[in-house]
Amino acid sequence: MAKGLHPVGKLAGLGVFGASMAYLEAAVVVYLRRLYYPEGFSFPMKLADPFVAKVEIGREIATILMLLGLAFLSETGAVRRFLAFAFAFGIWDILYYAWLKLLLNWPAGWLDWDVLFLVPVPWFGPWIAPALIALVLSAASGALLFMRGEIGFPDIILAGLGALACLFSFTFEGFRLLPGGAEAIRNFVPERFLWEFYLPGLLLIVASGGIAIWRNARR
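All residue numbers for the sequence shown refer to my numbering, where the first residue is 36 and numbers rise by one.
Misleading hints may appear alongside valid ones.
Unchecked claim - If you anchor each label on the Cβ, the simulated ranges turn out as follows:
hint	residue 1	residue 2	range
1	W249	A113	17 to 27 Å
2	R250	Y72	44 to 54 Å
3	M101	P235	27 to 37 Å
4	L202	A113	41 to 51 Å
5	A143	L170	16 to 26 Å
6	E218	P42	46 to 56 Å
7	I163	D84	43 to 53 Å
8	V87	N222	14 to 24 Å
Hints were generated in silico from the structure; no laboratory data involved. Bear in mind the structure is a predicted one, so any value in this text is a computation, not a measurement. Here a beta-carbon is modelled for each residue, glycine too, at the ideal position from N, C-alpha and C.
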């Protein structure tokens, strides 16, 4: 299956899967917000009971595993499987917010804060921050898959450093709140995002993808 399909067909399949998963993810959020935020999502958060929270963490992990499984089936080799994962992940994350806008008319603004992920600590940030990363991931990985391109060690280093900087900006508050436990998270109201870490990280990721595409286009 991985070898016989044209790159356009693979990208279409990955895109359909990512878009469908985005709707499923948005649907779960619709249910949760109807239960816990009938007046609309805002901080401070209303924490779910511990069992529901554990189920939600498991669902998030399962989502990533599904994307990894899809990438494993659709491509061969570690690099191309990573590119397939990045493309599907990017489509999923971008369209997740598109579905939320359609279903809940949220986010209302470009800088509305969201709970982005829960593992290993809650990730917080304006929704546009992960959406921009997802846009870069889907565009760069999609181009490289279409070109049957490869990524080199310098590309990996640049992208890795960028990812670490972005990860720090997303998880800083979660780790800061960790000693205070559930009570600290319950009372958390975001005030300032670490753009000084996020923006350089995003630029490194963009540079990594751009250099890889440029190098493969010259072959």
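Status of the hints after comparison with the structure:
no., hint, in the structure
1, W249 / A113: 17 to 27 Å, "holds, 22 Å"
2, R250 / Y72: 44 to 54 Å, "holds, 47 Å"
3, M101 / P235: 27 to 37 Å, "holds, 31 Å"
4, L202 / A113: 41 to 51 Å, "violated, 21 Å"
5, A143 / L170: 16 to 26 Å, "holds, 20 Å"
6, E218 / P42: 46 to 56 Å, "holds, 51 Å"
7, I163 / D84: 43 to 53 Å, "violated, 31 Å"
8, V87 / N222: 14 to 24 Å, "holds, 20 Å"
The structure does not agree with the numbered hints 4 and 7 stated previously, though it agrees with the rest.
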